[in-house]
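Chemist: The primary structure of each chain is shown beneath.
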Amino acid sequence: MTAVAPEPSLVVEHPLQRPRLPKLAPLIAAVIAAAAAVLLGLSLGWGVAPIVVTGGLIYLVGLSTWSRLVENARAATDRLVTSLVWTALVIALIPLISLLYTVISKGSSSINAKFLTWSMRNVLDGPGGIYHAIMGTLIITLGAAIISVPIGLLAAVYLVEYGQHSRLASWIRFLVDVMTGIPSIVAGLFAYALFSIIVGPGTQMGFGGSVALSILMIPIVVRSSEEMLKLVPTDLREASYALGVPKWKTILKVVIPTAMAGIITGVTLAIARVIGETAPLLIICGATDSVNLNPFSGQMASLPVFIYSSYQSPGANPEVLRQMAWGAALVLIIIVMALNILARVLGKVLSPKTGH
Amino acid sequence: MAKSIDVSDLNIYYSDFLAVENVNMTIKARSVTALIGPSGCGKSTFLRTLNRMHEVIPGARVEGKVAVDGQSLYDSAVDPVEVRRMVGMVFQRPNPFPTMSIAENVLAGLRLNNKKLTKSEAADVVERSLQGANLWNEVKDRLGKPGMGLSGGQQQRLCIARAIAVEPQVLLMDEPCSALDPISTSAVEDLIHELKEQYTIVIVTHNMQQAARVSEDTAFFNLAGAGKPGRLIEMNPTKKIFSVPDEEATEAYISGRFG
Amino acid sequence: MAKSIDVSDLNIYYSDFLAVENVNMTIKARSVTALIGPSGCGKSTFLRTLNRMHEVIPGARVEGKVAVDGQSLYDSAVDPVEVRRMVGMVFQRPNPFPTMSIAENVLAGLRLNNKKLTKSEAADVVERSLQGANLWNEVKDRLGKPGMGLSGGQQQRLCIARAIAVEPQVLLMDEPCSALDPISTSAVEDLIHELKEQYTIVIVTHNMQQAARVSEDTAFFNLAGAGKPGRLIEMNPTKKIFSVPDEEATEAYISGRFG
Amino acid sequence: MKAGSPKRRLGDLVFSNLTRAAGLTILVALAGVGIFLLAQGAPGLTAGKEDLRGHANFLSYVAPLVFGTLLAAVLALLIAVPLALGVALSISHFAPRRLATVIGYLVDLLAAVPSVVYGLWGIGVLGPKIVPLYEWLDKHVGWLPFFAGPYSNTGRTILTASIVLALMVIPIVTAITREIFMQTPRLNEEAALALGATRWEMIRLAVLPYGRSGIVSAAMLGLGRALGETMAVALVLSASNVVTWNLISSTNPSTIAANIALTFSDATGTARNALIASGLVLFVITFVVNFAARAIVARYEPGRKK
Amino acid sequence: GNEDTGSKTSNLSGTIKGAGSSAQEAAMKAWRAGFQTDNPKVTVNYDPSGSGAGVEQFNAGAIDFAASDAALDPTKGEVDAAKARCGGKNALEVPSYVSPIAVVYKLNGVDKLNLSAKTIADIFSGKVTKWNDAEIAADNSGVTLPSTAITTVHRGDESGTTKNFTDYLSKAGEGAWKYDPDKVWPLKSGEAATGTSGVIAAIKEGSIGYADESQAGDLSKANIKVGDAFTAPSAEGAAKALEVSPIDDTRTEGDLAIKVDRTTTEAGAYPLFLASYVIACPTYDAAKLDLVKGFLKYVVSTAGQQAAASNAGSAPLPASLQTKAAAIIDTIAAK
Ligand SMILES: Nc1ncnc2c1ncn2[C@@H]1O[C@H](COP(=O)(O)OP(=O)(O)OP(=O)(O)O)[C@@H](O)[C@H]1O
Ligand SMILES: Nc1ncnc2c1ncn2[C@@H]1O[C@H](COP(=O)(O)OP(=O)(O)OP(=O)(O)O)[C@@H](O)[C@H]1O
Ligand SMILES: [Mg+2]
Ligand SMILES: [Mg+2]
Ligand SMILES: O=P([O-])([O-])[O-]
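From first to last, the protein sequence lines are chains A, B, C, D and E. 997 is the number that my numbering gives to position 94 of the first sequence; each next residue is one higher, with no gaps. 77 is the number that my numbering gives to position 71 of the second sequence; each next residue is one higher, with no gaps. 125 is the number that my numbering gives to position 119 of the third sequence; each next residue is one higher, with no gaps. 249 is the number that my numbering gives to position 211 of the fourth sequence; each next residue is one higher, with no gaps. 265 is the number that my numbering gives to position 264 of the fifth sequence; each next residue is one higher, with no gaps.
Calculated directly from the structure, the hints in this document are not laboratory data. Errors might be hidden in some of the hints.
Part of the chain B face toward chain A, derived, beta carbon under 10 Å [stated by the list, open to error]:
(1) Val84
(2) Glu88
(3) Arg99
(4) Lys246
Below, simulated BS3-like cross-link-like pairs (lysine-lysine); rule was C-alpha separation at most 25 Å, straight line [unchecked claim]:
(5) Lys131(E) - Lys18(E)
(6) Lys18(E) - Lys205(E)
(7) Lys107(E) - Lys177(D)
(8) Lys9(B) - Lys34(B)
(9) Lys1017(A) - Lys42(E)
(10) Lys289(E) - Lys84(E)
(11) Lys121(B) - Lys1152(A)
(12) Lys87(D) - Lys205(E)
(13) Lys18(E) - Lys90(E)
(14) Lys119(E) - Lys172(E)
(15) Lys125(B) - Lys1156(A)
(16) Lys205(E) - Lys177(D)
(17) Lys1150(A) - Lys34(B)
(18) Lys1251(A) - Lys151(B)
(19) Lys226(E) - Lys128(E)
Values in this document were obtained by computation on a predicted structure and should not be read as measured data. Just so it is clear, CB atoms sit at the ideal spot from N, CA and C, and this is done for glycine as well.
Hey, can you work out the whole structure from these sequences and the hints?
Modeler: Laid out in structure tokens, this is it:
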């Protein structure tokens, strides 16, 4: 460095030590804000919600002002942002907790043996059961899986092993991404239009629902399988080629088995995603109150549609049916959660053992 | 069963990038040939042309000739899958198939090629190959356990067992010890000593001492600069290379002045 | 403006793992102190306690005392943000902010403290810091271009310019050259020579020659085994360490017998 | 090693073409969605008053629906994105690790709840609870056209629907942005901290610029979801197929998806065709939005690797 | 489960399918349950897809019988289409379901309210916006009406209830109702709710709506002006109003379409009601004949009407109408 002229420093010097708020400052501020809001609220006769909102605002403004006075502007901004982040979290989680609480508290009282083994056939007064809807949901979703898994998995194999960077592959990849955004009701309309043309106008059947759900499921399967196949080390493919194994066998016997745990996890999650879809089934499967196990003929009930129609058009016994809707919602959530947990467990159990 | 390899006028490309230029060499049967040189000079690339693994990479191709016992590998009528069965390969990092047990790993090459093996034949192959790879005693009690459960050095020997189970005539090894600790390294080096009785072995190594220890002949590759193709500078008996090499570049490299 | 650093009885933890044990040392102002030792002995860990970057890692904490010109860094009233302003740091791999131009990178730290920079003041700082980092001539025509567009060595010097723009009193460098080619390395080494006129510099290096070339004092860290804490074995003038170290372990390490 | 046995080559040929066919099936399916909707929707384009619930032509029928769809989705996004960013940051940079894992699970849980259940909650819990807020807005900021009132005494408004939509969008946006925030190179974060940045300044310097394109595309994906979401809106909204900016009254624009769900079973003949045609419009809108989102990601992704 | 067949013995077996009116859904449920219980091997499917859809599907031959809130409309060609579907013979059409529609409201302190059709029309068309409007007060002397704003609640989905309600307003509303009777609510303002129960649920303090009387629950029901008196909604009132309504004599013999008299002044009659029909062919092939005939006969039988009354809260058909309907259904014969 040649001849450094002593230049005026632009750096604002601060001592290392500076006044800092006590560690418990956020807590203190929270207590004061809560007290102030409650006092104000009680004296003006507010409800709970305004008190909470006011308390929150007092906290946000109070803490950052305090920090600005004692510490400095930067510390104050930091505290403000921190509080905002936590506020956002709380605001986002309150509805979730309310939702889960509502479903569990309203739904659990409906669930009993009759609820799970009866259909709604010939049920006039008093609660019936959702057996027909559970069976419908299982059949329709199974159908969707049977359609989606082979197509999705093979397409993923194409993308990872054959297409790679070809133009067709990048188009498929791009359109698969776009396809993940297709609204479910559009998928339902597509299935309806398809079967209207192929089978006859106004056709409704369970298999149509499977087709509609496949439109939603295939892109998820493709994406997750593709990720999993990409995770298989090139080493393994090369080891197999080096043993004189042809490519297709390498894929079938080495690559796919290695990725299997991840693929199954992905498929399970995809099933969990579509099993709760309502809109397409409303259109293409219709509704019935009897058990129908034949996906190729006649309307088929499903849990989501049962929930929707029990709430929306409960008929002569609204209280009973709405109660059942909450019960069915709880059952549906339990199925979805079980699938999610199953996916995690399968992922763990099936992943290649290292023996360690 | 081992065979010699003749390479003439070989140019190796990644798409349009000429990675290795104009290689001519003869690799003797039933001996160990070491390939040395600074990083990026094309040792691995060259090695992989000897069993047509190079063309697995999209866009990769070669010009020139590689012949095993006079039979050209790159003739259009030759099936690369058959070439790879004849010329086995062991990689830098041990890569047993994670879904398979130790025994299944050894049998993978045969099984995946549709060989129908009876139980006793299979047991034979497993024992013979693992013994060939000096691993039998360590694993004979847990043949059904996953291959991934072994230590790094054991895994590498498992990979060697897997490679020799299909009874190749040539064995290529790309830095087979660089991921191993010293004890495993010496186990593998011992194994190489034994294997050369039966196989033609070509080994890439970064470790000068290792090259000196295991090989009969050594080929030194170098490259003029980044983006330039690698070239074969000198190939000679290992003793000569490490004492009085023909080329100055070889001398500079071996004495550690660069690389 | 440079300051000396006193470390006493320093224990450094990652959660419950004691990574570095009982360090006592004095680092002189306006000089270069090198930290050497085998991988994992805690050089980086120790370095990061000198500007309280250690505590950025979840669960990480220290016991003991670090004082810069007598002022303790770990007092409860001390703001770590101020500490880091006063003690700058350069990392192993160059890390300019990818979305910022060269000039913005240099100004990044200053902007945090002093929002009201006039244009000409800012231009001044940019020029002075880049000149201080020996980079000005290479980039003066493209100050508005992204910092990521520079070569590795230039990026590292940009990071040094960014660090000195806030006029720290101490500069910590964690293997600043290990990701650089020889030419860039020597540019950075030259720079370190110049910077020590103004700054107290602590540098971690794996390269013995580099330690010998750039530093006045050298501290040697070692660890008894995996899972054991690292310790300061010896700290002495570099000349002494590299000729007649007090400890046998130092001698063994420097002569390349391990590490 | 003579010429390869034809059987082996056949295996490769068959298998590679099988996988290619699967890939093409996807393209065909996507095209099929457009074609079949067009085929069945075309008669609806020329439908008359009788089949369009009193609207003169298809355009005047679908325009308020498009308006409602966009309004509900944009409102949902305005609510969801700041909250989602907050949640994502709390997971990636604020919460202690264990808490962050718990929050992450909760958010995943939120994503797994079927939309019809959100709808139930919206109409059964949120609607009634939110009426006092609307009353307050009507009274105190009623001069704003958005809160002009008269406020709905059931809470079944487009704002309520948007809040429910926002809840459904939050997990999507959170999931993507938290991934991106967590991938921020540690080096850049430490560079900022070492310059003496506070945590927020570090986020501003290193995290947010790095995640910018990711945030944009996450928001677009959320928008895509909100545009197409059906059941929550169908259950919650008091829909009249009008154009209005009033967010808190009983008279609300419907959305395309909810309108289909609500009127499909009543509709016959050409009216169904018209509904399918409106579905085609929705398909085009979401296609464009998703296309744009993916294009943004594709554009910025290579840059990130540098 | 409940799907296993019961112990009753009947030699009828098979499946028939109907579709149409959602207003009849609850009644259909009762009829199907009753008929299926008597004949365990029979399944009657009913899709409450709406009257229009039901008629359309019937005319397309996709279903065996239809249920509709409106009689087949000759001006829309429905009568001819039905004739074509039934092999050139005129379709049969009999009333099966009659139900009073109540004007329901919720207003603190006001549990009795008199409204004329004109006032109702003014309220629903937005002319009267406060509960203490002079027009309301005029018919309710002695009642203290608050100044609360009125929220009107209507059906957002297509509905026979809406059609009958608007029909009533346009015929009895003395010109205050400017819109044609329609299944789709013609106005844009007000709260839209799906289904009868949706309307009931949407009625909060200060709201007024219309819904099937049987579903009104705790809500207050207004008395409507008939002649000079005010009549509360009831099944008997609806039956009475039906009895005084003439049968459409332009129809063919098997067609019992009724011209509802909305402006009757008969004391005790309640002209705001919904009449809904079942529609079938005069001939069926052997497999379906006994099923369709048996089911429809059950529908119009006293037992059937009673089942509907208790499950759906409908008004049983007057005995005279029941007899006429049964006679028509008896003419159903084999092809
Ligand atoms: N898949 C590939 N695509 C394109 N270029 C490649 C590829 N693999 C290697 N190269 C290039 O080919 C040249 C030779 O690489 P190669 O890996 O053969 O060197 P090497 O001698 O084995 O090095 P090392 O000792 O590091 O393993 C290098 O310039 C390298 O960048
Ligand atoms: N984030 C961390 N969490 C837990 N332990 C860590 C962390 N970082 C480092 N360690 C441990 O602390 C010890 C010292 O590591 P440190 O990185 O300081 O060593 P070093 O001397 O800098 O090594 P190198 O020369 O490889 O950079 C090691 O045992 C290491 O495993
Ligand atoms: Mg290599
Ligand atoms: Mg380090
Ligand atoms: O029975 P409807 O659906 O026409 O009211």
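Chemist: Mind listing which of the numbered hints don't hold for this structure, in increasing order?
Modeler: 1, 4, 5, 6, 12, 17
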